[in-house]
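Reconstruct the complex from the two isolated chains, following the hints.
Given next are the chains, with one letter for each unit.
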Amino acid sequence: MNKKGAEKILSVYWFVILIIVAGGIYGMIYMFYSHPFDIREMESHILVNNIADCISENGKINPSLFNDTGGLDKSFKENFLARCNINFNSEPEWGWDEEEQYFIRVQFFTPQNLNNPFATISEGNVRWKESYYLNKEKGFEILEKGAEKRFYSVDGNKQILIDLLAVVRKTEKNVKQ
Amino acid sequence: MLNNKKGEIGESITWVVATVIIIVVLTIFIIASNILGGFSKVSVSSGERTLNAGSYLDIKTNLALRENFDNIKTIKDWTGITEKEEDAYDTSMLVGG
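Sequence order for the protein chains is Y and C.
Residues in the first sequence are numbered from 260 upward in steps of one, following the working numbering.
Residues in the second sequence are numbered from 104 upward in steps of one, following the working numbering.
Be careful, since some hints might not be right.
Chain Y regions said to be covered by chain C (calculated; three or more residues, Cβ under 8 Å) [as the list claims (entries may be wrong)]:
1. 286–294
2. 300–310
3. 314–325
4. 407–417
None of these hints come from the bench; they were simulated from the model.
Backbone N, C-alpha and C define an ideal beta-carbon position, used for all residues, glycine too.
So here's chain C without its partners, still in its complex pose (with noise of 0.2 Å):
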């Protein structure tokens, strides 16, 4: 009689902890999700801007000094344009250059 009690017990205790560790398996898994999903982000980089490559402005930027290239230091300092020294902007492509 008394086994049988201890073995009802020892069962129930077996099903308990089952529960339990599916229970906070589950709560791992959700606050996980949680951190997971903050970090979708979306975000925007041009890139390496240069006269050759870079963004959409940076074309129309291009596009103008090939009408006129004047103060071409001021200009690329300002809009922040890079130059590679292999990308060295060739005046002699430019329109009447």
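This is chain Y alone, in the form it adopts within the complex (with noise of 0.2 Å):
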């Protein structure tokens, strides 16, 4: 009778250490895989390489970007995220929906006059630039993550150097909080 009851209280120890063991895989697994990927600053880098497509082809410039004189199309301007097949839509969680996510922003120059932009396009929320900038200095993950490139473009006879940022947010998704 008694060598009856121990296997009991035997067999009831083994399956709460079963339990514990399969938490405690559970655990683990859950902890390793509730770190997300960071791919903003990829996401940045892709967002970049598009709008480049859009700006210039084979080393020239797009032909509709810029009028007669030498200036930014107004058109090409105002409809840039259209004309260039791009769209700052988010998912609809942590209301981003109401807040766009993205910032860009195009700068032009020429070879004379690097410190001032000739014509700049920017679009998205402004807010993410200072922040990116502020990320880029000092190194906070849960910060505005961007990819800032440079390039160089022909326009006719005219040199073109384009300075090219874009900035993504989404930090709910893509760090720990």
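Below is the structure:
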């Protein structure tokens, strides 16, 4: 009788151990995969490359970008996102659909004046720009991430240097809160 | 009778210690998983940037330089493209060069 009782207690004990070990394995997997991959930097690089494709092809500026006087074409500037097949729509979670999660800026320079752009296009939420520069300086993971790239293109005989900036917020989905 | 009790206590302690060891080991593994999970990063690197091998935008710059390579030093400095000696830009390869 005593032996039978001990066996019963032991089998219950084994079940408890089994649950503890299973819970532990679940905990390990959960902990490992609860850290999201931060792909914002990669996303902004892709955005920059797409904008560059829209602005310049085969080293030459898109002919509809500038007007005859050398300034930005008004229609192109106003419909920049549509003309470049870009949209800033985001998932409705965390109120992203109410506040744009992206910012882009395109600046055009001449080799003779690299300090002041002769034309600028910017779209999206300008707030993220400041956070991006702060993040770049201080390295805060939680702040916005982005990409700033430069390239050269020609418009007839005119040489144009282009500075592209793309910033992505989407912190909630890319950084463990 | 006393010996029997001692044996029972000894056996119970063995089981309790075994349970504690299992819990401690699992906790260590959970903490380690949490730390290892934190290293999951996706980094973007274009590697060495030269005119012959660089990022996507460097290729665009290279193509534009084939059209017009005036101010080449200013352009390279501004875009951040470096030039290795063996990759020195051969202007004879440019269109019209």
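TODO: Kindly indicate which numbered hints from before are broken by the structure, ordering the numbers from low to high.
DONE: none
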